[in-house]
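Colleague: Letter by letter, the chains look like this.
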Amino acid sequence: GAGVSQTPSNKVTEKGKYVELRCDPISGHTALYWYRQSLGQGPEFLIYFQGTGAADDSGLPNDRFFAVRPEGSVSTLKIQRTERGDSAVYLCASSLAPTGSPLHFGNGTRLTVT
Amino acid sequence: GENVEQHPSTLSVQEGDSAVIKCTYSDSASNYFPWYKQELGKGPQLIIDIRSNVGEKKDQRIAVTLNKTAKHFSLHITETQPEDSAVYFCAARQSYQKVTFGTGTKLQVIP
Numbered sequence: 002g003a004g005v006s007q008t009p010s011n012k013v014t015e016k017g018k019y020v021e022l023r024c025d026p027i028s029g030h031t032a033l034y035w036y037r038q039s040l041g042q043g044p045e046f047l048i049y050f051q052g053t054g055a056a057d058d059s060g061l062p063n064d065r066f067f068a069v070r071p072e073g074s075v076s077t078l079k080i081q082r083t084e085r086g087d088s089a090v091y092l093c094a095s096s097l098a099p100t101g102s103p104l105h106f107g108n109g110t111r112l113t114v115t
Numbered sequence: 616g617e618n619v620e621q622h623p624s625t626l627s628v629q630e631g632d633s634a635v636i637k638c639t640y641s642d643s644a645s646n647y648f649p650w651y652k653q654e655l656g657k658g659p660q661l662i663i664d665i666r667s668n669v670g671e672k673k674d675q676r677i678a679v680t681l682n683k684t685a686k687h688f689s690l691h692i693t694e695t696q697p698e699d700s701a702v703y704f705c706a707a708r709q710s711y712q713k714v715t716f717g718t719g720t721k722l723q724v725i726p
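First to last, the sequence lines map onto chains A and B. Numbering of the first sequence is given in the working numbering, commencing with residue 2 and proceeding in unit increments. Numbering of the second sequence is given in the working numbering, commencing with residue 616 and proceeding in unit increments.
A couple of the hints might just be wrong.
To be verified - Okay, the calculated beta carbon distance ranges per label pair:
#, chain 1, residue 1, chain 2, residue 2, range
1, A, Arg-65, B, Asn-618, 22 to 28 angstroms
2, A, Leu-97, B, Ala-644, 19 to 25 angstroms
3, B, Gln-660, A, Glu-72, 37 to 43 angstroms
4, A, Gly-86, B, Thr-718, 36 to 42 angstroms
5, A, Ala-56, B, Arg-666, 19 to 25 angstroms
To be verified - According to the in silico footprint, chain A covers these stretches of chain B (three or more CB under 8 angstroms from chain A):
#, region
6, 651-663
7, 714-724
Unchecked claim - A few chain B positions that, by computed beta-carbon distances, are all more than 10 angstroms from chain A:
#, residue
8, Gln-621
9, Ser-641
10, Asp-642
11, Gln-696
12, Ala-706
These are calculated hints, taken from the structure and not from any lab test. Don't be surprised by glycine CBs; every beta carbon is placed ideally from N, CA and C.
Work the whole structure out from these sequences, hints included.
Modeller: Here it is as structure tokens:
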């Protein structure tokens with residue numbers, strides 16, 4: 002079946018601009034996660050949704066970052082007033098509930114802030 | 616919060632030899648330990664996982680061991696092949712589903 006889909010695959014934006022990154026999880030997966038991966042590093046947790054609500058947003062670095070999942074399926078990660086330090090690969094993953102299901106990752110969106 | 620350390624950061628082996636990657640975790644409440652393989656330009660892909668009530672798990676050429684007392688777990692790849700070359704990540708998760716990753720091991724299998 003279809004895996005986790007992330008769009009766009011690449012995004013180049015200028016410092017100060019607003020960007021939206023989209024994630025389509027695997028059908029039927031109620032849990033959705035956003036991670037950020039810098040070059041040479043492991044994925045860093047940002048936020049986790051269970052259904053429509055953010056169950057854990059402790060990884061969001063500051064209030065310029067926000068994520069939504071209004072219907073419990075597609076999620077959008079929004080970054081305001083982008084900075085060069087936001088450049089990274091943003092990964093989305095989904096999993097079945099309950100606890101204990103493996104995470105399935107998309108191929109990520111590579112964000113470059115110039 | 617949880618902290619996962621991974622060693623080595625790079626590993627080169629001859630084709631056919633074994634490769635071992637080791638990880639330690641800090642939170643004794645972690646109960647699920649997946650391993651992911653990441654190829655260039657792709658997202659991490661789950662290759663094997665182990666739960667805290669099991670000490671060892673094997674799937675063909677891949678095996679994982681877990682020592683809960685020492686809080687460390689390891690990935691073993693036997694009979695390595697060039698297609699095993701990739702970056703491998705260990706991870707740990709508590710029951711509320713937040714997964715913490717290690718810093719990765721770049722494995723190179725030399726033909």
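Colleague: Does each hint fit the structure? Answer for all of them.
Modeller: Status of the hints after comparison with the structure:
no. : hint                                     : result
1   : A:Arg-65 - B:Asn-618: 22 to 28 angstroms : holds (26 angstroms)
2   : A:Leu-97 - B:Ala-644: 19 to 25 angstroms : holds (22 angstroms)
3   : B:Gln-660 - A:Glu-72: 37 to 43 angstroms : violated (27 angstroms)
4   : A:Gly-86 - B:Thr-718: 36 to 42 angstroms : violated (19 angstroms)
5   : A:Ala-56 - B:Arg-666: 19 to 25 angstroms : holds (21 angstroms)
6   : 651-663                                  : holds (count 7)
7   : 714-724                                  : holds (count 6)
8   : Gln-621                                  : violated (8 angstroms)
9   : Ser-641                                  : holds (15 angstroms)
10  : Asp-642                                  : holds (14 angstroms)
11  : Gln-696                                  : holds (23 angstroms)
12  : Ala-706                                  : violated (8 angstroms)
Checked against the numbered hints given earlier, the structure breaks hints 3, 4, 8 and 12 and satisfies all the rest.
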